[in-house]
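Student: Below are the chains, spelled out letter by letter.
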Amino acid sequence: MNLTTVKKHGGKIWAWFWMILGILYFFLPLIATFLFSLRAKLNVLSFTAYQHVFNDSNFVYNFSYSVLWGVLTIIVGVLIFVPTAYLIRLKLPQFRIPVEFITMLPFVIPAIVYVFSLVRTFSQPPLLIVDSPVLLVAAYTVLSMPYMYSAIDTGLRAIDVRTLTEAGQSLGAGWGTILFRIILPNIRVAILSGAFLSFAIVIGELILAQYLVKPAFAPYMTYLIQQKAYEPAAMAIISFALTWAAMGVIQFIGRGSGGGEQSQIAGGH
Amino acid sequence: MTVKNIVEQGAPQARPASKKISWTWLGLTPFFIFTFLFLLYPASTLGVRSFQDSRTHVFTLKYVTQLLHDPYLLGAYWISIKISVITAVGGGIFGFLLAYSAIRGGLPRFMRSSLMTFCGVASNFAGVPLAFAFIALLSPSGELTKVLIALGFNPYHHGFTLYTFWGLSIVYMYFQFPLMVLIISPAIDGLRREWVEAAENLGASPAQYWRYVAFPILLPAILGAVVLLFGNSFGAFATAQALTGGQINLVTIVIGSQLRGDILSDPGLGYALALGMVVIMAFAIIARALLQQRTERWLR
Numbered sequence: 001m002n003l004t005t006v007k008k009h010g011g012k013i014w015a016w017f018w019m020i021l022g023i024l025y026f027f028l029p030l031i032a033t034f035l036f037s038l039r040a041k042l043n044v045l046s047f048t049a050y051q052h053v054f055n056d057s058n059f060v061y062n063f064s065y066s067v068l069w070g071v072l073t074i075i076v077g078v079l080i081f082v083p084t085a086y087l088i089r090l091k092l093p094q095f096r097i098p099v100e101f102i103t104m105l106p107f108v109i110p111a112i113v114y115v116f117s118l119v120r121t122f123s124q125p126p127l128l129i130v131d132s133p134v135l136l137v138a139a140y141t142v143l144s145m146p147y148m149y150s151a152i153d154t155g156l157r158a159i160d161v162r163t164l165t166e167a168g169q170s171l172g173a174g175w176g177t178i179l180f181r182i183i184l185p186n187i188r189v190a191i192l193s194g195a196f197l198s199f200a201i202v203i204g205e206l207i208l209a210q211y212l213v214k215p216a217f218a219p220y221m222t223y224l225i226q227q228k229a230y231e232p233a234a235m236a237i238i239s240f241a242l243t244w245a246a247m248g249v250i251q252f253i254g255r256g257s258g259g260g261e262q263s264q265i266a267g268g269h
Numbered sequence: 270m271t272v273k274n275i276v277e278q279g280a281p282q283a284r285p286a287s288k289k290i291s292w293t294w295l296g297l298t299p300f301f302i303f304t305f306l307f308l309l310y311p312a313s314t315l316g317v318r319s320f321q322d323s324r325t326h327v328f329t330l331k332y333v334t335q336l337l338h339d340p341y342l343l344g345a346y347w348i349s350i351k352i353s354v355i356t357a358v359g360g361g362i363f364g365f366l367l368a369y370s371a372i373r374g375g376l377p378r379f380m381r382s383s384l385m386t387f388c389g390v391a392s393n394f395a396g397v398p399l400a401f402a403f404i405a406l407l408s409p410s411g412e413l414t415k416v417l418i419a420l421g422f423n424p425y426h427h428g429f430t431l432y433t434f435w436g437l438s439i440v441y442m443y444f445q446f447p448l449m450v451l452i453i454s455p456a457i458d459g460l461r462r463e464w465v466e467a468a469e470n471l472g473a474s475p476a477q478y479w480r481y482v483a484f485p486i487l488l489p490a491i492l493g494a495v496v497l498l499f500g501n502s503f504g505a506f507a508t509a510q511a512l513t514g515g516q517i518n519l520v521t522i523v524i525g526s527q528l529r530g531d532i533l534s535d536p537g538l539g540y541a542l543a544l545g546m547v548v549i550m551a552f553a554i555i556a557r558a559l560l561q562q563r564t565e566r567w568l569r
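Chains as they are written, first to last, in the numbering used here: chain A, 1 to 269; chain B, 270 to 569.
Chain B on its own, in the form it takes in the complex (with noise of 0.2 Å):
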């Protein structure tokens, strides 16, 4: 008898040993089910639809080649796209430098926490009261228009209108540099003052500073939070339908006229549309982890 089967066969033990089955994955079943009923399940019926003719349900595939040869389709994505790279782009910028400014440019500590405040209304503060307020602003009888007019400036004299790309683009901003300043706040934090004195004492300049430490640190950060970013317009919907009444080509507003049932309308192509949104977003957030994993790399 080896010592393995004495061991084994031992002494009577005062308790059988009870296999050990764990039931504490049941405490997650209130979320699966939730999320199943009310997302999961909702959202695949997506893909379904998608490929199913509207009217007699049987497969079909003519809204996916539609989409992909309707040049007015294309076009809304293409203006749903270039909106959400400008303001993704530019929001990116501007908030970076913004939380740059509030949490290393020396300013009052005060400075900050109010930012973060401001940034957690404004990056929250979107569709139609957002559209008013720009209204308010920036239409031909806006309150900065008539300041601009009385100072000999009119914009609407040189190409600018709030209803159409570009003042949609700078709608948007409102509520995409915020939403940068937080995301981006963390990884900030995460430079070390010890790197900037370091890259003194070996004689480096404020420009290779930043060319060869912070900056291919940050780089990682700032690519997945303009990615979601991108993601924050990509979907936006009230904001636009509000400030144009949907004159402007969106593909969220394409896909609201076509679900509503508008004349000419048909629910299958809006479902269709639906699924390129969520096949470019899904993209758009593969890349963001792709590059997440390289940031918490550095911030640890």
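For reference, chain A alone in the conformation it holds in the complex (with noise of 0.2 Å):
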């Protein structure tokens, strides 16, 4: 028996093998939570947990807090890191290495001990914003910075960066031309998919809003599971379908225009 036909028939239910495996494993926990979130009533499937869920204000309030953070995050991240990754791609390669080990430093410190290195800094003056959301902002953008750093790098490897800035100089566009009206839109499903992978780790982190007390849907569930059975799961199904149609939307925007399955990959660092 040669390679090919290894490949061809032996390998072929190998691959199956290992898929289904990986699909078995990826959804059974989910099913199993939407299962039990079902089971609000006794002996009926129903979905009151969800209604429940919807109904509560402090869901509402805590959830939408949580987008307000994540998209803050994700325009503070864009005007920050677009132009310095633009930049050293377009002039300043021998900033690379520096910048680089910088974006991938949260990877490397725990957010704990992030977390609380944040609180000791700033809960003295003249540093003293430990109650403002501007703390707690830049903190996520932080967390989010290796995501959204690597995927903005990878947008702008795909693109002619040097012939674009060329082509708007000669045509009389200002710098701040060229970064938001050519640069940016050639670059958009790169920044998408840092933007989403932010807006997950923002719904999903705990550690920040709650140390640095501020509302958010995490510390929010956590809380609720000390209270209640069924709401946290059907919370928990409620925020998977947000990320995942999220990931479905990157896909989506990024089809056609080739490198949307590129960035995600460099987004998952």
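Hints are computed from structural coordinates only; laboratory data are not their basis. Each hint should be verified, as a subset may be incorrect.
Heads up, simulated DSBU-like pairs for lysine-lysine below, C-alpha to C-alpha not over 30 Å straight-line [stated by the list, open to error]:
#	chain 1	residue 1	chain 2	residue 2
1	B	Lys351	B	Lys331
2	B	Lys415	A	Lys228
3	A	Lys41	A	Lys228
4	A	Lys41	B	Lys415
Work from the hints to combine the two standalone chains into their complex.
Tutor: Next comes the structure, spelled out in structure tokens:
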């Protein structure tokens, strides 16, 4: 038996085997959570828990704040990291290594440690901003930085930055116009993929909001787990569905423009 | 007068040649100010506080000494390292097989893109919702437990519990193997099909192809990815906290209780513990960087 036939027959059975195992691992916990969330009424399956969740003003309040933090994090991230990655690619390659090193740092420093160093640093004058939402958004931006930056950088790698810039310059565009009307639209898929990953991080992140005492989805869910049984399950399903919908949007927008899958992979570091 | 001098004195230029001082680096200041203020400076205080008495603020080595001698603290590191190694290696192997099956296994093409989407979601599905999903699945009254009991096998009678080491490992695997799929896929894409054909033409068996061609090429990438997976679970906190309520002594959980101000807690010790984690992670990252260099040489 030669390699090609092995690939065609034996290999394929194993490929299906691992795939099915992966699908089971992936979906079983979700199915269990979903079934559990339907059991709010005795002996019947119902969407009662979901009704409770959506009628719960605290859920709406906390979740809206998480969405707000997520959107602000994305805006701040785009405003800081797009110009940085662009300049490094175009003019300042000598800064590549230090900047990439810094963007990977949040990976090395555990979030629990990071949040305490933040609290310590910013709870004494002159940097007394521990109660300000600014600190929370900045911290979220830092946590999502490895994903956001590498997604943007991958996007920039896929387009011809130099030619686009020179074309813009020779048509009389200023730096602002070049960055936000030429470069940004061209890497929108990469930015979207970084943005959705950041969003998923912000929605799921427990420690920052908990220790900086701000309203957010994950701390509320932790609180609710101690109080109720079925509603947290419904919330887990809802948060999962939202994350998945976001990923679906990335894939959909990325389709055709090529770089979509690639930038998502890069985001997953 | 030499030619050089003539050229230098030359004809008066239309404009004085301006010394080109580049100000472009100023464009990076927002990035550096931001990361210094919200990352580098706070993180550096970590190092300082590990060597500072929490009350008197004088220099001390007592936290580091305590760290290196207290069996409870060393045990916490050991459990964290153990769970990270097990889930990194397990997740690495499973994730690799899955990615290889999707990319080179001859499955329909849509399987690959759906797998990537799944993995993008799952690798970020951590913390409280994840813990809850596994409680619904594998707790004593979980859905799968019920099915298994109906089939005559109660895992809780055979030493399994969700809330201890192995249970937590199973939960961690949920975000570990998707991350592996995402990281390793580009490397698997880099395996050229011609190499299989070339090996086959030279009379290699599948085992020989893997032993002498594919495996040596992929090895650095796999090892590099596993290091990343190690870090991914080493720093995890919320999942374990939500699942076990802090019963398992992971380093992150011990740090959390030291810093939060529980009884008998000492923030200085918490910072020293954190510094120890950073040191371990730094070793892992350096190892990854070295391995990465070797991979990229092959993937050109």
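Student: Decide, hint by hint, whether the structure agrees.
Tutor: Structure-based check of each hint:
1. With a C-alpha separation of about 26 Å, the suggested pairing of Lys351(B) with Lys331(B) holds against the 30 Å cut-off.
2. Straight-line distance between C-alpha atoms of Lys415(B) and Lys228(A) comes to about 21 Å, which keeps the hinted pair within the 30 Å bound.
3. At roughly 13 Å between alpha-carbon atoms, Lys41(A) and Lys228(A) fall within 30 Å of each other, so this suggested pair holds.
4. Among the hinted pairs, Lys41(A) with Lys415(B) is consistent with the structure: their alpha-carbon atoms are about 19 Å apart, no more than 30 Å.
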